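Enquirer: As a plain string of letters, each chain reads:
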Amino acid sequence: DTAVSQTPKYLVTQMGNDKSIKCEQNLGHDTMYWYKQDSKKFLKIMFSYNNKELIINETVPNRFSPKSPDKAHLNLHINSLELGDSAVYFCASSRGQGGVRYGYTFGSGTRLTVV
Amino acid sequence: DAKTTQPPSMDCAEGRAANLPCNHSTISGNEYVYWYRQIHSQGPQYIIHGLKNNETNEMASLIITEDRKSSTLILPHATLRDTAVYYCIVRGLLHTDKLIFGTGTRLQVFP
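Quick mapping for you: the protein sequence lines, in order, are chains A and B. Quick note: the first sequence uses the working numbering, first residue 1488, plus one each step. Quick note: the second sequence uses the working numbering, first residue 73, plus one each step.
If we strip away everything but chain B, and leave its shape as in the complex, we get (with noise of 0.2 Å):
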């Protein structure tokens, strides 16, 4: 039931940018795109969300296309704890809508 598809894997070496893709071109107008990751043997960790705008925080930064069908998570300078599998979800605004988890991308960063 997930609404977004995501490469299966990616690498990165350490200190270089991670830009992790996500197509989600059936998006409604009232749903954010949400990105979480689960490091391996732990439970999943919100990074950040968005709507339309881009946005920023200590963690990373979220660029959302203008006709938001795409966008791209970006770690500015990866490090090897950032190894995890990251999820792009799509999700409305009612309480009652759920936090669907695909299959995520599985980024593995390199020394």
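Next comes chain A alone, as it looks inside the complex (with noise of 0.2 Å):
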């Protein structure tokens, strides 16, 4: 019954690893995104994707890339992970274009940490 649910919960990993993080939501929205949440606990978006094209890039390096396969679904994959890259990442959905109405409604986060 998760409306948005990510996968996996915890991820720790080495440098230089290739990793991806799946998303899914079952809420029927249009919009998905991907935010960052750093050691500092500031929360930045990275990526939104509106019925499977991509709406917002932020300055986010190459090694991100998301994949949006169909409008449930935003994965993220990482390439090369760096320990900068550690952090907890949240993806998150919203209602219509943008979540104006309606607000986001965030999965419960990924916690990454590169070693």
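For lysine-lysine, the following DSS-like pairs were computed, each having C-alpha atoms within a straight-line distance of at most 27 Å:
#  : chain 1 : residue 1 : chain 2 : residue 2
1  : B       : 75        : A       : 1527
2  : A       : 1509      : B       : 170
3  : A       : 1523      : B       : 75
4  : A       : 1506      : A       : 1527
5  : A       : 1528      : B       : 75
6  : A       : 1496      : A       : 1539
7  : B       : 170       : A       : 1531
8  : A       : 1496      : A       : 1509
9  : A       : 1558      : A       : 1509
10 : A       : 1523      : A       : 1496
11 : B       : 170       : A       : 1539
12 : B       : 170       : A       : 1554
13 : B       : 170       : A       : 1496
14 : A       : 1528      : B       : 170
15 : A       : 1509      : A       : 1528
16 : A       : 1531      : A       : 1554
17 : A       : 1527      : A       : 1509
18 : A       : 1523      : A       : 1506
19 : B       : 170       : A       : 1523
20 : A       : 1554      : A       : 1528
21 : A       : 1527      : B       : 170
22 : A       : 1496      : A       : 1527
23 : A       : 1528      : A       : 1496
24 : A       : 1523      : A       : 1558
25 : A       : 1506      : A       : 1539
26 : B       : 75        : A       : 1531
27 : B       : 141       : B       : 124
28 : A       : 1509      : A       : 1523
29 : A       : 1539      : A       : 1558
30 : B       : 141       : A       : 1528
31 : A       : 1531      : A       : 1558
32 : A       : 1531      : A       : 1509
33 : A       : 1506      : A       : 1554
34 : A       : 1558      : B       : 170
35 : B       : 141       : A       : 1531
Since the hints were derived computationally from the structure, they do not count as laboratory data. Being a predicted model, the structure only gives us computed values, none of them experimental.
With the hints in hand, could you dock these two chains into one complex?
Expert: See below:
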């Protein structure tokens, strides 16, 4: 019954590895997002997709590549992981474009630790 | 890039009203005020939003001043489970407008 689900919840990996985080929403929302929360607890938007189309692409290293196979899924693939990538990554979704009227629904986060 | 200013922390006794202030003096006419909260180790949770009228839902009330330069989120009867970081966010109506989180207010509800 989870509205926005992310897997895995925890991910520990070595520098240089490639990893993916998956996100699925069962709310029928049109737009999905990836946010990063660093060690200082700052939440920053990374990407947003609306009906599989990239809408927002913040200044994020090219090693990060979002993929949206359909509007219910938005995965995040990270190549050549670095220590600075360690953070909590949150997926979110919203009804309509931009979540203006109804707000965002966030997942519970994926804690990525790069060692 | 956050356009809001909030006190870093506040305390509130359980059962009392928690009033969380937010200044957004540079808000423009087409920007909404949103409130989210983040309970420890969870994702942010949408609470409420408004443009210029006061709003109320099952979670909270939002009072926006007439000049729209500040607002107050009111939790009428705070519980221990309301302990969280509360974020006040100003954003526009376009789908390309971003939800930008600032540092928020850490609300501690005590017994």
